[in-house]
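2 protein chains.
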Amino acid sequence: MKDQDLRELVVEIAKKAKEASFKLAKLSSEEKNAVLRKVAQKLRERKEELKRINAQEVEEALAQGQSKAFIDRLSLSDKVIEGMAKGLEEVAALPDPVGEIVKMWKRPNGLLVGKMRIPLGVIAIIYESRPNVTMDAAGLCFKSGNSTILRGGKEALKSNLALGEIFRETLKEFNFPPEAVQVLPTPDRRAMEYLLELEDYIDLVIPRGGEGLIRFVTEKSKIPVIKHYKGVCHVYVDEEADLEMAKTIAINAKCQRPGVCNAMETLLVHEKIAPIFLPQIAEEYKKYEVELRGCSETLKYLPWAKRATEEDWYAEYLDLILAVKVVRDLDEAIAHISKYGSNHTEAIVTQNYYKALRFLKEVDASLVLVNASTRFNDGGELGLGAEIGISTTKIHAYGPMGLEELTTTKFIAFGNGQIRT
Amino acid sequence: MKDQDLRELVVEIAKKAKEASFKLAKLSSEEKNAVLRKVAQKLRERKEELKRINAQEVEEALAQGQSKAFIDRLSLSDKVIEGMAKGLEEVAALPDPVGEIVKMWKRPNGLLVGKMRIPLGVIAIIYESRPNVTMDAAGLCFKSGNSTILRGGKEALKSNLALGEIFRETLKEFNFPPEAVQVLPTPDRRAMEYLLELEDYIDLVIPRGGEGLIRFVTEKSKIPVIKHYKGVCHVYVDEEADLEMAKTIAINAKCQRPGVCNAMETLLVHEKIAPIFLPQIAEEYKKYEVELRGCSETLKYLPWAKRATEEDWYAEYLDLILAVKVVRDLDEAIAHISKYGSNHTEAIVTQNYYKALRFLKEVDASLVLVNASTRFNDGGELGLGAEIGISTTKIHAYGPMGLEELTTTKFIAFGNGQIRT
Numbered sequence: 040m041k042d043q044d045l046r047e048l049v050v051e052i053a054k055k056a057k058e059a060s061f062k063l064a065k066l067s068s069e070e071k072n073a074v075l076r077k078v079a080q081k082l083r084e085r086k087e088e089l090k091r092i093n094a095q096e097v098e099e100a101l102a103q104g105q106s107k108a109f110i111d112r113l114s115l116s117d118k119v120i121e122g123m124a125k126g127l128e129e130v131a132a133l134p135d136p137v138g139e140i141v142k143m144w145k146r147p148n149g150l151l152v153g154k155m156r157i158p159l160g161v162i163a164i165i166y167e168s169r170p171n172v173t174m175d176a177a178g179l180c181f182k183s184g185n186s187t188i189l190r191g192g193k194e195a196l197k198s199n200l201a202l203g204e205i206f207r208e209t210l211k212e213f214n215f216p217p218e219a220v221q222v223l224p225t226p227d228r229r230a231m232e233y234l235l236e237l238e239d240y241i242d243l244v245i246p247r248g249g250e251g252l253i254r255f256v257t258e259k260s261k262i263p264v265i266k267h268y269k270g271v272c273h274v275y276v277d278e279e280a281d282l283e284m285a286k287t288i289a290i291n292a293k294c295q296r297p298g299v300c301n302a303m304e305t306l307l308v309h310e311k312i313a314p315i316f317l318p319q320i321a322e323e324y325k326k327y328e329v330e331l332r333g334c335s336e337t338l339k340y341l342p343w344a345k346r347a348t349e350e351d352w353y354a355e356y357l358d359l360i361l362a363v364k365v366v367r368d369l370d371e372a373i374a375h376i377s378k379y380g381s382n383h384t385e386a387i388v389t390q391n392y393y394k395a396l397r398f399l400k401e402v403d404a405s406l407v408l409v410n411a412s413t414r415f416n417d418g419g420e421l422g423l424g425a426e427i428g429i430s431t432t433k434i435h436a437y438g439p440m441g442l443e444e445l446t447t448t449k450f451i452a453f454g455n456g457q458i459r460t
Numbered sequence: 040m041k042d043q044d045l046r047e048l049v050v051e052i053a054k055k056a057k058e059a060s061f062k063l064a065k066l067s068s069e070e071k072n073a074v075l076r077k078v079a080q081k082l083r084e085r086k087e088e089l090k091r092i093n094a095q096e097v098e099e100a101l102a103q104g105q106s107k108a109f110i111d112r113l114s115l116s117d118k119v120i121e122g123m124a125k126g127l128e129e130v131a132a133l134p135d136p137v138g139e140i141v142k143m144w145k146r147p148n149g150l151l152v153g154k155m156r157i158p159l160g161v162i163a164i165i166y167e168s169r170p171n172v173t174m175d176a177a178g179l180c181f182k183s184g185n186s187t188i189l190r191g192g193k194e195a196l197k198s199n200l201a202l203g204e205i206f207r208e209t210l211k212e213f214n215f216p217p218e219a220v221q222v223l224p225t226p227d228r229r230a231m232e233y234l235l236e237l238e239d240y241i242d243l244v245i246p247r248g249g250e251g252l253i254r255f256v257t258e259k260s261k262i263p264v265i266k267h268y269k270g271v272c273h274v275y276v277d278e279e280a281d282l283e284m285a286k287t288i289a290i291n292a293k294c295q296r297p298g299v300c301n302a303m304e305t306l307l308v309h310e311k312i313a314p315i316f317l318p319q320i321a322e323e324y325k326k327y328e329v330e331l332r333g334c335s336e337t338l339k340y341l342p343w344a345k346r347a348t349e350e351d352w353y354a355e356y357l358d359l360i361l362a363v364k365v366v367r368d369l370d371e372a373i374a375h376i377s378k379y380g381s382n383h384t385e386a387i388v389t390q391n392y393y394k395a396l397r398f399l400k401e402v403d404a405s406l407v408l409v410n411a412s413t414r415f416n417d418g419g420e421l422g423l424g425a426e427i428g429i430s431t432t433k434i435h436a437y438g439p440m441g442l443e444e445l446t447t448t449k450f451i452a453f454g455n456g457q458i459r460t
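Which chain is which? The protein sequence lines are A and B, in order.
For the first sequence, this note's numbering begins at 40 and goes up steadily by one.
For the second sequence, this note's numbering begins at 40 and goes up steadily by one.
It should be emphasised that the hints constitute simulated quantities derived from the structure, not laboratory data.
Using N, Cα and C, we set each Cβ at its ideal position, and we do this for glycine too.
A couple of the hints might just be wrong.
[What the hints assert, rightly or not] Derived PhoX-like pairs (lysine-lysine); straight-line CA-CA distance at most 20 Å:
#	chain 1	residue 1	chain 2	residue 2
1	A	K378	B	K65
2	B	K154	A	K154
3	A	K261	B	K269
4	B	K62	A	K261
5	B	K261	A	K261
6	B	K62	A	K378
[Claimed, not checked] So, partial list: chain A residues that the calculated Cβ filter (under 7 Å) puts toward chain B:
#	residue
7	I360
8	N410
9	Y437
10	F450
11	I458
12	R459
[To be verified] Facing chain A, a subset of chain B residues (Cβ under 7 Å, in silico):
#	residue
13	T447
14	K449
15	I451
Construct the entire structure; sequences and hints are all you get.
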């Protein structure tokens, strides 16, 4: 397609998304929930058709020699489709943030001032070849009253278009604007670039995926971007830790699901307890076949472990590999996290009240925990309901983004003739 | 200066600002307030020196033929300096948002989860030749625990540097990092461009000034930008308005201070009351020498008024000029605001409960008022204390930005050994 035509196509999509967003903002919670439940029902009814379309794409990806992990993420199995349908029903069951009065106060002149939650408008989601993200993202954005423009990886384009079509069809049946959910119909990278320029129509861009994708989007976008970067998460085991608890948390944080962003990547251990704790925890890690990479102090107690290099402290392994460092005290632990951490999730295990509070206050991460596993950094686990991702950007939302984080607040004021003097 | 050297200079400034921000985040409210009060005291003590430096710049600006308004904004008079000092003392007296626990809840597994307010980190302020902004912005950012990098208009560079120096000197006396407040020491536009690329060191950019400046910053910045665009504000006088109240509000919104962003620019009047209301309000506007530009319907009642063109509906006059349009009903009023408004401040005057609520809900602006003047869209007037500006961006903050809006929240969790299963 010619540059000019492609640009016009993208502008048209964004314009229509904006127009649809005005109507979306006025829908009642009941109307939105009915749509979400109907889309879930249709997903189940059209399962075979979706699987057929997806199977073609999986075949092409296999022919291209894509990795097993890639194929896993691309595939729409019965389980994945049921997961999307259930996800939409769960979002329907969550409270609607739109219209909520966050707070209200009275001014000396009698003016009642408050803040009311409203949708952001149009949200663009840029992601990899994971069709389930299409439905999850569209569902959350719709419930929070926002139009969505979805741009997934090119290998999943047909699956994404088919999923989008189900949502759009349902919207039409309800007489709501189908342009509330649009899948960018071309894999052309230029189309994404044009999209990222349309600050007058799109209010927020959320890139989800690898660092390369996120850097690209940040670089090109004139629209505000909320990043979901990597998680280099630490657990610091203090000298005053309950060592049994520390072991349970350190195993859970590393081994319960190593491939996700809130898994621990580096274990920090106070030098006073290192001689006892390290051999014990190392025994446990052996059972899970975790490869340990230690600092020179660690190697004193675990001579068989690999030696960690500078790069290991920055690494997000997403695998059964763990960097281990012995630190002098809480100060060194906090300094290490500040230097090598990624502002994602950080935990301390201690029985000392003051150290717990200092760690909570001084560590800069989207979630800081005392005596609990890093794996809790998740919208569901923290009680937000479903999430669209975990922001490591401090602007607008820091941490898991649920429905509330997809809204903003406007000021409202009830007067009885007040003027400014 | 060579490109490379200039870039290094800017990177160095941003890096130091980031380092300083870690220390700033730990200061107590008392420490921060003491600094602010000391800077205020020094501003008064060094008044003559500041005025001398500023007088040179005013002279140069006059020689360049700058407008009276420009010179006004550039000038550091006794009154402006006292205003800055008082402003800092007022900020010192405001509650410190840092460390505040916004909310806290308990999860079924016993984990106590909450949100704690923390500084954003480093904030860059890009503004025009108004030295008072230097102190106001630095004071608000400092109190909220953020480092500031200030880049004002080149005509005010020496004044800004002198003001920045007073802040830095004070920080040194308290043994706090002086890099918490830095004025970009060069008027070179390239330096600003380099600054806007440093997303790893700078967390937020706030441009304050004309549309050109804001577009430029948005275009160039890889860092999140919160815009403070123009205000095309409306007052809609409904057929069920108390006409005396409507008159008072319409006069106040237009005439109390016409040169500011929350002044009314277009008056919308319901057709049923137009024949009575328009001649009455026109009489009042005559006293203030307001030029009226009306739609054809308006001209029926005010035949002497100018005819409004399409451009008038978009205009931010910032002057004693007012566009006037007669509308059929509330729907047309809302549609007009949606098309021509700038999401800044919108008001309805009505005695009808349902229309009031509909206007509040459906109008998309950073402040929507019922029966009160648009002039209340101001941090002080709404009860936030001092403000750094009024955001018309929906991301992060929408409306006046006070101390709270210069912070973010991180999640915190108190556990007693919780792991994820």
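Hints, one by one, checked against the model:
1. A:K378 x B:K65: holds (17 Å)
2. B:K154 x A:K154: holds (19 Å)
3. A:K261 x B:K269: Satisfied, since the Cα-Cα distance of roughly 19 Å is no more than 20 Å.
4. B:K62 x A:K261: violated (32 Å)
5. B:K261 x A:K261: The hint holds at about 8 Å.
6. B:K62 x A:K378: holds (14 Å)
7. I360: Violated, because the Cβ-Cβ distance from I360 of chain A to chain B comes to roughly 20 Å (cut-off 7 Å).
8. N410: Since the shortest Cβ distance to chain B is 4 Å, the answer is holds.
9. Y437: With a minimum Cβ separation of about 5 Å from chain B (threshold 7 Å), the hint on Y437 of chain A holds.
10. F450: holds (4 Å)
11. I458: holds (4 Å)
12. R459: holds (4 Å)
13. T447: holds (4 Å)
14. K449: holds (6 Å)
15. I451: The hint holds - I451 of chain B has a Cβ within 7 Å of chain A, the shortest such distance being about 5 Å.
Hints 4 and 7 from the list above are not met by this structure, while the remaining hints are.
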